[in-house]
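Protein sequence lines, in the order shown, are assigned to chains B and Y.
Heads up: the first sequence is residues 1 to 215, going by my numbering.
Heads up: the second sequence is residues 216 to 658, going by my numbering.
Read the hints as simulated data drawn from the structure, not as lab findings.
Predicted model, so just to flag it, every value in this text is computed and none were measured.
Glycine included, C-beta positions come from ideal geometry on N, C-alpha and C.
Certain hints may be false.
Said to hold, decoys possible - Chain B is faced by these chain Y residues, among others (derived, beta-carbon under 8 angstroms):
{"id": "1", "residue": "235"}
{"id": "2", "residue": "270"}
{"id": "3", "residue": "280"}
{"id": "4", "residue": "504"}
{"id": "5", "residue": "511"}
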Amino acid sequence: MQEQPTSGKSASASLLTDPSVEGSHAITLDNPDYDHLEDVVFSNCLDRWVDKLGNVVALAFMVSVVISFYEIVSRYLFDAPTMWVHETVIMICALCMAYGGSYCLARDSHIRIRILYDFCGARGKRVLDIFNGVVSLFYCVLIAYAASIMAEKSLFTPLGDFRMETTGSAWDPIYPALIKGGLFLILVLMGIQCLLHLLKAIFGKSRQESGVNDV
Amino acid sequence: MFELSSIGIEMASYLMIGSILALLVTGLPLAFITGLVALVFALGWFGPMSIPLVTTRIYSFINEYVLIAIPMFVLMASILDRSGIARDLYNTMRVFAGQLRGGVAVQTLVVAIFLAAMSGIIGGEIVLLGLLALPQMLRLGYDQRLSIGTVCAGGSLGTMVPPSIVLIIYGLTANVSISELFVATIFPAMLLGSLYIAYILIRCYINPSMGPAAPKEELDISWAVKAKMIKGVILPVLVAIWVLGSIYAGIASVTEAACMGVVGVVLSTWIRKELTWTMIRDSLRQTLNTCGMIIWIGIGASALVGVYNLMGGNRFIESVILGLDVAPIVVILIMMAILLVLGLFMDWIGIALLTMPIFVPIIISLGYNPIWFGILFSMNMQVSYISPPFGPAAFYLKSVAPPSITLKEIFLSMWPFIILQLIALSLVLTFPGIALWLPGIEY
């Protein structure tokens, strides 16, 4: 896995160290990219993959809009409410939004206060990066461990036999097991991302001040 | 194992707040801080057995039907922001400007309110107004600070006029009807908008050079052009009316209305021949990004509040506040002050999810209406958008404003509008009827 620019949109490796490319995507009326979706400098290959996968995952929002609309039409116009839409939409959106955490981690767009970070010199930035890397990794490991207990309970009986937890509704899908299992996998992914960020902070160059989500 | 519980709840509360603030300063994401503090305190206070309690809270937080309204409203706003609807709306609203002094600023506010009724997030609206209205006002020789303040204060209304993500989150945490919140917020939002407009008109009346009228030739737009622009905006406006109307009439749940909103906006852009794959893809990415931010702060905060309440934190704060032995209204004022201070440093999502589970039960036990308190909360958050040092509105505007306009200049432009927001807040505080009359709630 080489650190290659995978698309025209992500900055190439040589641009990584050039601060002049920041904000190179002007915000225009045709593309009001106010959260700077285009201006991201990814710190490693995994983050770029998370971002690319995000394009696919985000489609699921559209899917949930479409099936919700189908349910509204069939209920109000044809008086034939569905059994499956409600729970399916909850499951899709829950998993997508959870994936959003990993997506924001890859793009460094989680809300954080950068005032001290911006104030610090290169050395200070590095110390902060390492500190934040350690704490983030610790959090992800802790919460992934917590989620693994939850996922285990929803996937196995107390005796250790495999069975998937269901919602207990009339339709009774296996969604709780999917959400809990998915949440665990996403947290593991976030843990790996944090680990890579930490390694980068220790061994690599100081992270670029990308993004403008100051608050 | 170290028994954290031996330090007592009062000490633990200080320790929690202290560690959150200290970690915030280091630049750690808010979403991680709250969750981390929650887990550490759960482990230290109750031991490893408490871990499932934290995850159960997280699961029930994301497994909530009403929460789905958030990605849908965000998606609706994102598509809208990427279409030319805002531009056409702005041009159509030129009739408001006319020969009036300060007319373009008034026009900007009217457009801001219209946009707010279609969008529940703040970034897009400020950026669009910053691109559309700010250059126009500066070109006509409007006072720079008045123009900047108008754009930022007007753009922030998006989170108060329904559909509002702030009110959805409040409704979820306070466990009150979101539809009622949406109805209750109408008059207070109108009040705020009218105060802004009155302020602009008065300033420009006293000092005409602050907002000169547009040259006559610019106002003469041919009817053909007008008709074309009106045709372009009529559909999105109808979509907004339909979405909000179906919530008010009680026909659709908030989530269903949000879904209809997305379908309506996609249809509008398709009819306007603006619908492209790139636009949908970018809107979806935007939605994933925004929701990822909101949901993970929510996950952390709901875990933290769960652990804190289990430690007896809510009883502690209740006993402190009720033990003050002051008039109930003073309690409300104290809460407002706390929210204002928090608003200087923290994001509204974090504030809502951390403080409301503790404040709202106190409000109810004092005999106040939680719907009214929700409106007060969202008005309070209006201040946090434009107040230094972290007001997000300022940063969004900075990203599109001419380079000569500094962040300092933007924040300096805000204070008259902050005063207006505080006036509106105290009016709704003194006269709860402003909020509660429309939904027909006794007060």
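Structure-based check of all given hints:
{"no.": "1", "hint": "235", "in the structure": "violated (11 angstroms)"}
{"no.": "2", "hint": "270", "in the structure": "holds (4 angstroms)"}
{"no.": "3", "hint": "280", "in the structure": "holds (6 angstroms)"}
{"no.": "4", "hint": "504", "in the structure": "holds (6 angstroms)"}
{"no.": "5", "hint": "511", "in the structure": "holds (4 angstroms)"}
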